Amino acid sequence: MNPIPIDTEDSPSFLMELIYRLRIRDVMTEKVITVKRGTPLRSVQAIMKENGITGVPVAEDGRLLGMISVDDILQALDEGHIDDRVEERMARNLIVLEEDMPLSFGISYFDKYRYGRFPILDRNKHLVGIITSRDILVALLMEFNKEVEKLESRIPPDTSTTPSSGTSREFAVRKFDFENAGKASFEIKKICKEHIANSKAVRRVAVAAYELEMNLVVHSNGGKIFFSLSGDTAVIETVDTGPGIEDVDQAVEEGYTTATEWVRSLGFGAGMGLPNTKRVSDDFAIESSPGGTRVCATIRFDKGDQT
Amino acid sequence: MKLSEMSSSLGYTAVQDQFQDRDIQHGYTSDLLSDVMANAAEGSVLITIQAHKNAVAVASMAGIAAIVICNSRPIPDDMLETARSECIAVFTTPKNQFTVSAEVYNRLQAE
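Protein chains in written order, with the numbering used here: chain A, 1 to 307; chain B, 1001 to 1111.
Watch out, some of these pointers could steer you wrong.
As the list claims (entries may be wrong) - Part of the chain B face toward chain A, derived, beta carbon under 8 Å:
no. : residue
1   : M1001
2   : D1031
3   : L1032
4   : D1035
5   : M1037
6   : A1038
7   : E1042
8   : Q1050
9   : A1051
10  : H1052
11  : A1055
12  : V1058
13  : S1060
14  : L1108
15  : Q1109
16  : A1110
Unchecked claim - In the BS3-like style, the derived pairs of lysine-lysine whose C-alpha atoms are separated by at most 27 Å in a straight line are:
no. : chain 1 : residue 1 : chain 2 : residue 2
17  : A       : K190      : B       : K1002
18  : B       : K1002     : A       : K193
19  : A       : K150      : A       : K190
20  : A       : K193      : A       : K183
21  : A       : K190      : A       : K175
22  : A       : K146      : A       : K190
23  : B       : K1095     : A       : K200
To be verified - So the derived label-pair ranges between C-beta atoms look like this:
no. : chain 1 : residue 1 : chain 2 : residue 2 : range
24  : A       : D111      : B       : E1081     : 18 to 28 Å
25  : A       : T167      : B       : F1098     : 37 to 47 Å
26  : B       : N1106     : A       : D232      : 34 to 44 Å
27  : B       : R1084     : A       : K224      : 48 to 58 Å
28  : A       : N180      : B       : Q1018     : 20 to 30 Å
29  : B       : N1106     : A       : I155      : 43 to 53 Å
30  : B       : P1076     : A       : P40       : 44 to 54 Å
31  : B       : Q1025     : A       : E149      : 46 to 56 Å
32  : A       : L151      : B       : Q1018     : 55 to 65 Å
Hints listed in this document are in silico derivations from the structure and should not be mistaken for laboratory results. In this text the structure is predicted, and so the values were computed from the model without any measurement. C-beta atoms are modelled at their ideal positions from N, C-alpha and C, and glycine is treated no differently.
Work out the full structure, taking the sequences as your base and the hints as a guide.
Put into structure tokens, the structure is as follows:
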């Protein structure tokens, strides 16, 4: 069995706090299926199959007496004693966890001992639950979810924009986020409309912004758009975190595309994005490596056009 | 042609009718949104089957005044919402792009 890949010493502080804060009782399954000493192994096999489990505690009156695992069943089938009573074949030397222990104990037990599950006892040595690595996984995911929700609730409602001053803005764009695709461009267009009288210039900026934004959505692992407007110049710069464009010269040629079928069914990915951007820009620069792509489109308009 | 004549004269159903009733001089027919961005004239009517909100975004960026969704393609609510906030008219019709293009073209030529 693979160890649980959590370093209980050098992991991020949130995780450390979590595995010490959570108790075994917060994570364990309370509804334990048990069998009695006299249950035939054949019945145990049926119980395992029915419930999709691979190990069952043997308990009577809340007292844990042993464990039977699917390995014991296989061995019994192999050796022809599947009709024996449980107590003849169960493991009696048990490794148990206590419900008050922090989850970190559970994680290190799974790493230390090669069992798929541990029975959980309370202070009075009564069987109160059972824990598998799945329980740990589920509990950690739920806690991470809660934490992410908490963090997200602290972010101002419009997550795509970070407030910055004047006519210089920054927008985050996520991969395949067609839901929010275009939000940055709407904003950029709005700013331009407020400051530039020439509607043709506004349109050029909007087209460049939208094509570059869609490129981030469709092709990149996510990235950022930086927009600035000063004097007679608008600059749109996008920076992403990869995977880079293999052949930049080809990418700025009309009709060359690496878009998938479903992206194309939305009307994108016809290989016109970068050529369109280049066409509406006065200056156009692109550089790309597997670590990321940077595109910079500059649009100039007559000074008199700016209000 | 006034935008409102798209429904009153050509019989398309206005599903987003919060728009400025401006004068239309051009039309553009395409399902390829980058093509629309590159080539549609400002103030055009866009004739397409791309019924999703990215089409509205493209229309907004390219300064398109109205979108006609052909073949009665279902139009999602979020598309209409975005169109409303951008003041872009949206019409729907069971006719296909070819027929609608011809009708809009003839109407514009007659002026």
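Hints versus structure:
1. With its C-beta approaching chain A no nearer than about 21 Å, M1001 of chain B sits outside the 8 Å limit, and its interface hint is violated.
2. Checking D1031 of chain B against chain A by beta carbon gives a least distance of about 6 Å; that is within 8 Å, so the hint holds.
3. Satisfaction of the interface hint for L1032 of chain B is found here, the shortest Cβ-Cβ separation to chain A being roughly 5 Å, below the 8 Å cut-off.
4. Of the supplied interface hints, the one on D1035 of chain B holds, with its beta-carbon coming within about 6 Å of a beta-carbon of chain A, less than 8 Å.
5. Because the closest C-beta pair between M1037 of chain B and chain A is about 5 Å apart, less than 8 Å, the hint holds.
6. The interface hint given for A1038 of chain B is met, as the beta carbon of that residue sits about 5 Å from the closest beta carbon of chain A, less than 8 Å.
7. The closest approach between the C-beta of E1042 of chain B and any C-beta of chain A is roughly 6 Å, which is under the 8 Å cut-off, so the hint is satisfied.
8. With a cut of 8 Å, the hint placing Q1050 of chain B at the interface with chain A holds, because the nearest CB-to-CB distance is about 5 Å.
9. With a cut of 8 Å, the hint placing A1051 of chain B at the interface with chain A is violated, because the nearest CB-to-CB distance is about 10 Å.
10. For H1052 of chain B, the interface hint holds, the least distance from its beta-carbon to any beta-carbon of chain A being 7 Å, beneath 8 Å.
11. With a cut of 8 Å, the hint placing A1055 of chain B at the interface with chain A holds, because the nearest CB-to-CB distance is about 7 Å.
12. For V1058 of chain B, the interface hint holds, since its Cβ comes within 8 Å of a Cβ in chain A; the closest pair sits about 7 Å apart.
13. With 8 Å as the threshold, the beta carbon of S1060 of chain B comes within range of chain A, its nearest partner Cβ sitting at about 7 Å, so the hint holds.
14. The criterion of a C-beta within 8 Å of any C-beta in chain A is not met by L1108 of chain B, whose closest approach is roughly 21 Å, and the hint is violated.
15. A distance limit of 8 Å between C-beta atoms decides the matter here; for Q1109 of chain B the minimum to chain A is near 25 Å, and the interface restraint is violated.
16. With a cut of 8 Å, the hint placing A1110 of chain B at the interface with chain A is violated, because the nearest CB-to-CB distance is about 27 Å.
17. Simply put, K190 of chain A and K1002 of chain B have alpha-carbon atoms about 25 Å apart, close enough for the 27 Å limit, and the pair holds.
18. A hinted pair counts as satisfied when its Cα atoms are at most 27 Å apart, and K1002 of chain B with K193 of chain A qualifies at roughly 24 Å.
19. As the CA atoms of K150 of chain A and K190 of chain A are separated by approximately 32 Å, the hinted pair breaks the 27 Å bound.
20. For the hint linking K193 of chain A to K183 of chain A, the alpha-carbon distance of about 15 Å falls within 27 Å, and the restraint holds.
21. For the proposed pair K190 of chain A and K175 of chain A, the alpha carbon gap of about 24 Å is at most 27 Å, so the pair holds.
22. For the hint pairing K146 of chain A with K190 of chain A, the CA-to-CA distance comes to about 36 Å; that exceeds 27 Å, so the pair is violated.
23. Taking the CA atoms of K1095 of chain B and K200 of chain A, the gap is about 33 Å. The hint is violated against a cut of 27 Å.
24. Distance hint for D111 of chain A and E1081 of chain B: a CB-CB separation of about 52 Å, inconsistent with the stated range 18 to 28 Å.
25. Look at T167 of chain A against F1098 of chain B: about 44 Å separates their beta carbons, and that is inside 37 to 47 Å.
26. Restraint check, N1106 of chain B to D232 of chain A: a C-beta distance of roughly 42 Å satisfies the suggested window 34 to 44 Å.
27. In this structure, R1084 of chain B and K224 of chain A break the distance hint of 48 to 58 Å, their C-beta atoms being roughly 29 Å apart.
28. Separation of N180 of chain A from Q1018 of chain B is about 23 Å and conforms to the stated range, judged on CB atoms against 20 to 30 Å.
29. For N1106 of chain B and I155 of chain A, the hinted distance range of 43 to 53 Å is satisfied, since their beta carbons lie about 52 Å from each other.
30. At roughly 59 Å, the beta carbons of P1076 of chain B and P40 of chain A sit outside the given window of 44 to 54 Å.
31. Look at Q1025 of chain B against E149 of chain A: about 50 Å separates their beta carbons, and that is inside 46 to 56 Å.
32. The given range of 55 to 65 Å is broken by L151 of chain A and Q1018 of chain B, whose C-beta atoms sit roughly 37 Å from each other.
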